[in-house]
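Engineer: Using the sequences and the accompanying hints, generate a full structural model.
Spelled out, the chains give:
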Amino acid sequence: QVQLLESGPGLVKPSETLSLTCTVSDFSISTSNYYWGWVRQPPGKGLEWIGSIYHNGNTYYMPSLKSRVTISVDASKNQFSLNLTSVTASDTAVYYCARLPSSSWILDQFDYWGQGSLVTVSS
Amino acid sequence: SYELTQPLSVSVALGQTARITCGGDKIGSKNVHWYQQRPGQAPVVVIYRDSNRPSVIPERFSGYNSGNTATLTISGAQGEDEATYYCHVWDRSTVIFGGGTRLTVL
Numbered sequence: 002q003v004q005l006l007e008s009g010p011g012l013v014k015p016s017e018t019l020s021l022t023c024t025v026s027d028f029s030i031s032t033s034n035y036y037w038g039w040v041r042q043p044p045g046k047g048l049e050w051i052g053s054i055y056h057n058g059n060t061y062y063m064p065s066l067k068s069r070v071t072i073s074v075d076a077s078k079n080q081f082s083l084n085l086t087s088v089t090a091s092d093t094a095v096y097y098c099a100r101l102p103s104s105s106w107i108l109d110q111f112d113y114w115g116q117g118s119l120v121t122v123s124s
Numbered sequence: 435s436y437e438l439t440q441p442l443s444v445s446v447a448l449g450q451t452a453r454i455t456c457g458g459d460k461i462g463s464k465n466v467h468w469y470q471q472r473p474g475q476a477p478v479v480v481i482y483r484d485s486n487r488p489s490v491i492p493e494r495f496s497g498y499n500s501g502n503t504a505t506l507t508i509s510g511a512q513g514e515d516e517a518t519y520y521c522h523v524w525d526r527s528t529v530i531f532g533g534g535t536r537l538t539v540l
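Each protein sequence line maps, in turn, to chains A and B. Here the first sequence stands for residues 2 to 124, numbered as in the working numbering. Here the second sequence stands for residues 435 to 540, numbered as in the working numbering.
In case anyone wonders, no lab produced these hints; they're calculated from the structure. One or more of the hints may lead you astray.
[As the list claims (entries may be wrong)] Covered by chain A, according to a simulated footprint, are these stretches of chain B (three or more residues, beta-carbon under 8 Å):
1) 461–470
2) 475–489
3) 520–532
Computed from a prediction, not measured in an experiment: that's the story for all the values here. Here a beta-carbon is modelled for each residue, glycine too, at the ideal position from N, C-alpha and C.
Structural biologist: Structure, rendered in structure tokens:
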């Protein structure tokens, strides 16, 4: 059973950088045909994709966030990470990490999710 | 950019059939995935690639996709099906989510 667990600060000040790490258990992050992604959900609102990464470093980002987002992977630790710069109150959300099968450059469903990590942006 | 349109809410009587739609331009040409999210929990995929159901998901969940509309059907809705449902597609190297539909089981 694949397990994902988000970790990082629960409170970030405006204009600073939000950093989260997702640790994957019982499945190698380097397995072919799987991407790894971040999805967020502001309080009381819907799901918003942030971006996804392959173990070789190939990334896809949400266009509206691309200028502020970096997703990286550390295969030796079986982890991938999210950095979101210049945060504002509108970046307050539950941040989920998840796994996506892929084939022929198409990313499929998010089949395993972490429990989510609430990050609040406030001074 | 590509948009997915879902009704804000759907109500269904206990044991009856609920249908939740997801509209998008030529969505029938894309793979559609559906998630169930209960309050305070992470989403769970209930249908993937239009009509495939994970083994842990009850048989009452089914999906269909054609033309400009994808539909999630719950046949014989149960109280535990009360949740918010999201559709999702992959379009031009971007993950797109629908706005979500709140299902109420009466």
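Engineer: Each hint should be assessed against the structure and marked as holding or not.
Structural biologist: Results for each hint:
1. 461–470: Holds: 3 residues of the stretch 461–470 of chain B have a Cβ under 8 Å from chain A.
2. 475–489: Coverage by chain A holds for the stretch 475–489 of chain B (7 residues, Cβ < 8 Å).
3. 520–532: This one holds; 9 residues, not fewer than the three required, reach chain A with a Cβ under 8 Å.
Hint compliance for this structure: every hint is met.
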